[in-house]
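First to last, the sequence lines map onto chains A and B.
Under numbering that gives the first Met the number 0, the letters of the first sequence match residues 0 to 494, in that order.
Under numbering that gives the first Met the number 0, the letters of the second sequence match residues 0 to 494, in that order.
Derived by calculation from the structure, the hints in this document are not laboratory data.
Please note: incorrect hints may appear among the correct ones.
Since the list gives no way to pick one copy over another, a pair counts as held whenever it fits inside one copy or between any two copies.
[Unchecked claim] In silico lysine to aspartate or glutamate, EDC-like type, Cα no more than 20 angstroms apart, as pairs:
hint, residue 1, residue 2
1, K129, E99
2, K13, D53
3, K35, D220
4, K13, E46
5, K485, D173
6, K107, E222
7, K13, E38
8, K117, E222
9, K107, D438
10, K35, E222
11, K382, D455
12, K117, D397
13, K13, E192
14, K440, E345
15, K456, D184
16, K175, E484
17, K68, D347
18, K129, E369
19, K117, D455
There are 2 protein chains.
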Amino acid sequence: MSNAYATLVASFTKLYRYQHLAQIVAWDQAAMMPSKGNEARSAAMAELAVLMHDTLTAPQLASALEAAKTETTDPIEAASVHEMTRQWRAATLIPASLVEAKSLAGTKCEHAWRTQRKANDWAGFLVNWKPLVECVRQEATLLAEASGLSRYDALVDRYEPGMTSAVIEPMFADLKRWLPPLIQDVLVKQRTEEVVAPTGPFPIAAQRALGLEIMGLLGFDFEGGRLDVSTHPFCGGVAEDVRITTRYSEDDFVQALMGIVHETGHARYEQRLPRAWVHLPLGVARSMGIHESQSLSFEMQLGRSRPFLELIAPLVRKHLGDQPAFAVDNLAKIYTRVRTGLVRTESDELTYPMHIILRFEIERALVEREIEPEDVPALWDEKMLAYLGADTRGNYTDGCLQDIHWTDGAFGYFPSYTLGAMYAAQYFAAMRAQLPALDAKVAAGDLAPIFSWLDDKIWSQASRWETPELIARATGTPLSASHFEKHLRARYLAG
Amino acid sequence: MSNAYATLVASFTKLYRYQHLAQIVAWDQAAMMPSKGNEARSAAMAELAVLMHDTLTAPQLASALEAAKTETTDPIEAASVHEMTRQWRAATLIPASLVEAKSLAGTKCEHAWRTQRKANDWAGFLVNWKPLVECVRQEATLLAEASGLSRYDALVDRYEPGMTSAVIEPMFADLKRWLPPLIQDVLVKQRTEEVVAPTGPFPIAAQRALGLEIMGLLGFDFEGGRLDVSTHPFCGGVAEDVRITTRYSEDDFVQALMGIVHETGHARYEQRLPRAWVHLPLGVARSMGIHESQSLSFEMQLGRSRPFLELIAPLVRKHLGDQPAFAVDNLAKIYTRVRTGLVRTESDELTYPMHIILRFEIERALVEREIEPEDVPALWDEKMLAYLGADTRGNYTDGCLQDIHWTDGAFGYFPSYTLGAMYAAQYFAAMRAQLPALDAKVAAGDLAPIFSWLDDKIWSQASRWETPELIARATGTPLSASHFEKHLRARYLAG
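Take these sequences, add in the hints, and give me the full structure.
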């Protein structure tokens with residue numbers, strides 16, 4: 000290890016420890032904190048954000064990076080320095096004052112949103128949101144000037160390194176071409192299907208017990224993580240202590256259960272990141288899209304598949320009692336049911352990408368200053384009608400106030416969801432080619448081949464490769480949306 | 000505000016925000032964290048401790064303190080600078096390396112203790128404890144050299160400013176004279192009393208609901224705090240978001256319930272600290288003894304009193320069902336029952352001070368290097384036999400492994416418990432002289448006069464006065480143990 004690299008490891012280890020604090024108090028804020036704690040919490044988190052920014056932008060770190068680039072010969076060290084440089088570059092472009100202003104504005108906006116969403120209070124939300132959007136635009140401008148990317152692409156690059164609107168737009172244009180007719184075909188096909196609705200109430204304690212058992216089946220390590228409740232489900236915490244959340248309704252267990260499967264996918268990626276690199280940028284998850292590809296591997300490729308539902312149907316009956324709706328055939332219909340609903344997180348695999356395309360188009364225009372925050376509800380209404388035939392006028396709760404991403408300033412994140420769905424479809428296409436009798440193994444409870452494939456190809460690789468190389472190494476071919484289209488046609492139109 | 004004072008306020012505001020992070024992750028570690036998170040958590044907490052130490056010992060803070068002392072004329076500002084100086088002085092005496100070593104050793108020792116205590120594993124505990132004790136001794140030596148106090152008194156001074164063994168020893172010698180005979184008299188008196196034991200099980204959900212209702216009665220602000228579970232109950236978090244914990248047993252609600260009353264006393268002190276000073280050393284609770292005087296005002300002076308038990312008996316019946324044991328007379332007997340048990344936190348008001356005297360004598364000898372960690376079990380056995388007639392040989396679980404204080408390095412803390420009991424007895428003596436018909440009001444559910452007295456005399460004063468002045472201003476006379484003795488004789492021998 001060169002001297003310069005040792006200096007870098009010391010600095011990034013310190014940052015990793017600060018990041019630990021930031022993650023745990025952020026989890027607490029969402030899952031535990033009472034309302035009057037918010038002001039002090041926001042101030043403490045902003046102070047920590049400034050500290051992390053200062054640590055990352057210290058002059059001695061810049062010179063150590065410079066020196067390490069020439070001194071380092073080991074390929075892993077070189078990859079490590081490359082990832083350190085990525086973080087450093089992103090941070091040095093943003094002044095500390097803007098980091099603090101955005102953190103404060105985001106925390107304030109998000110906290111108020113928790114009640115404003117329920118109250119359908121767009122006007123109240125807008126008051127907190129406008130300053131946040133302004134911070135994001137300033138940030139995007141600075142990043143764009145330095146990288147030569149457009150303002151929006153400069154934000155996307157933080158979540159999905161190397162990805163640009165020039166790649167996303169044609170792919171989304173393609174989806175806009177074949178997906179709405181496919182949705183219509185499936186809606187017609189499903190119109191004549193008999194689906195038995197589960198009859199509640201489903202006590203929350205029983206739902207939680209069911210969720211915990213399925214997390215166990217999916218390999219979640221409970222000595223290194225927890226399941227709790229928050230308004231917007233997420234996977235947080237740190238690799239050594241992964242905190243996932245869900246939200247329950249006594250009337251419906253279907254969403255919460257598959258939500259737990261989804262977050263468990265995120266969680267296993269974190270729990271299996273290589274411990275040797277965990278304190279370094281090299282050791283973190285590759286990108287938001289790759290992260291989402293894990294949750295969607297668990298939820299969409301595995302979780303809603305017929306063999307997996309065969310496996311868990313007895314557990315559903317064990318915890319929630321027996322009823323006709325819990326027959327495997329019926330569960331399979333429930334979990335592939337297509338509805339043109341208003342809420343992204345409650346939407347199905349088929350309509351989900353249309354929700355994402357809507358957000359992508361709006362947030363890109365917002366960041367590029369083509370529209371103003373005030374314009375969002377009207378645009379939202381117009382696009383929901385065009386893409387999904389849904390009327391959202393006056394309904395902010397299930398309209399533009401539904402997501403947490405815009406309330407805490409995470410613009411540029413949304414495309415990752417649909418990229419993740421495409422990656423996941425491609426993994427499973429590769430797995431089926433490599434692993435014989437996969438479906439029979441799943442139905443028999445043997446999920447090990449899937450986890451071991453993901454562990455080997457994705458989890459253990461952390462940030463060792465750029466995204467395109469990671470995908471190509473894992474699946475043997477570059478990213479192609481064709482696997483996603485094939486998967487959807489097979490699941491929703493076959494049989 | 001002078002320039003120097005403004006500089007100080009900025010630095011201490013930063014420290015207050017770091018302290019917020021430290022408190023929340025410490026609460027999480029005790030109440031939420033799964034075991035595999037501990038190593039990363041300990042490292043993150045140690046990193047934060049170093050950061051706080053560095054912030055407090057920065058040269059510009061020292062010069063600002065010096066300047067503020069001459070520039071400041073406002074008495075509140077002067078008191079504020081005085082409290083800042085106290086923190087600064089304590090911190091500058093300890094090098095950062097020792098701060099980090101002690102934090103790491105303490106966290107490691109405490110985490111392992113959670114399983115070692117249950118396993119009666121003294122030998123395993125000793126391995127982690129010896130390095131911690133060595134850190135504490137080094138710390139005590141440095142503090143003693145600077146202050147001219149003895150090593151142990153230098154530690155006591157951190158929890159109870161101005162208090163020394165020269166004051167504590169004669170008071171404890173006095174207790175050792177009159178308390179054991181009083182305990183014997185009460186044991187004889189109670190031998191003929193009929194006490195109906197409550198019949199369990201008491202579901203934990205019902206105990207929690209009862210606890211929450213009584214916390215409400217005691218004025219706990221649920222928008223600014225929570226109730227959770229941990230091995231060793233404590234009051235943590237921050238003034239704006241107070242986290243109290245308890246531990247439940249299905250077989251016994253008696254301890255958990257009064258534990259909640261106790262921690263609620265701590266919590267209300269924190270929740271009512273003046274918001275204008277909350278970010279400054281002036282705004283924190285005065286001392287551990289004063290803090291304990293609040294929990295003991297709630298638990299001992301109020302909670303176990305006949306009028307309070309009249310008030311809560313219907314709530315006990317509401318949540319746990321009716322049974323003969325829940326008659327007010329019987330509850331009063333249960334909550335004043337004296338038993339010479341082994342465990343401090345489960346012991347009663349009367350025998351509690353003897354547990355404290357035992358710990359005081361052992362920890363003082365340990366810090367003064369008169370004994371070694373290996374000697375503790377034998378000394379423990381000897382003193383338990385002498386003071387309480389109890390045999391603890393070979394029982395580490397309920398012997399010297401029972402408390403958290405020694406496992407995380409908080410030596411010098413124990414005397415505060417009995418000082419707190421004396422302060423609390425003195426408050427209530429003063430209150431009874433000033434507030435007419437206090438008992439009748441309590442029984443009728445009007446607790447406002449008590450809270451308003453404590454708020455006015457103690458909570459709102461934060462660290463405005465040195466402890467002796469705070470007590471004298473509140474009660475009209477200096478601290479005297481006579482109120483405690485009178486209180487015990489009246490409660491346990493009258494009638």
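Here's how the hints hold up against the structure:
no., hint, verdict
1, K129 with E99, "within (16 angstroms within a copy, 43 angstroms between copies)"
2, K13 with D53, "both (12 angstroms within a copy, 14 angstroms between copies)"
3, K35 with D220, "between (33 angstroms within a copy, 9 angstroms between copies)"
4, K13 with E46, "both (16 angstroms within a copy, 7 angstroms between copies)"
5, K485 with D173, "within (14 angstroms within a copy, 86 angstroms between copies)"
6, K107 with E222, "between (33 angstroms within a copy, 17 angstroms between copies)"
7, K13 with E38, "between (26 angstroms within a copy, 14 angstroms between copies)"
8, K117 with E222, "between (35 angstroms within a copy, 18 angstroms between copies)"
9, K107 with D438, "neither (47 angstroms within a copy, 45 angstroms between copies)"
10, K35 with E222, "between (31 angstroms within a copy, 6 angstroms between copies)"
11, K382 with D455, "neither (41 angstroms within a copy, 59 angstroms between copies)"
12, K117 with D397, "within (9 angstroms within a copy, 50 angstroms between copies)"
13, K13 with E192, "neither (57 angstroms within a copy, 62 angstroms between copies)"
14, K440 with E345, "neither (29 angstroms within a copy, 54 angstroms between copies)"
15, K456 with D184, "neither (35 angstroms within a copy, 75 angstroms between copies)"
16, K175 with E484, "within (12 angstroms within a copy, 83 angstroms between copies)"
17, K68 with D347, "neither (46 angstroms within a copy, 66 angstroms between copies)"
18, K129 with E369, "within (15 angstroms within a copy, 66 angstroms between copies)"
19, K117 with D455, "neither (43 angstroms within a copy, 39 angstroms between copies)"
In the structure shown, a violation is registered for the earlier hints numbered 9, 11, 13, 14, 15, 17 and 19, in ascending order.
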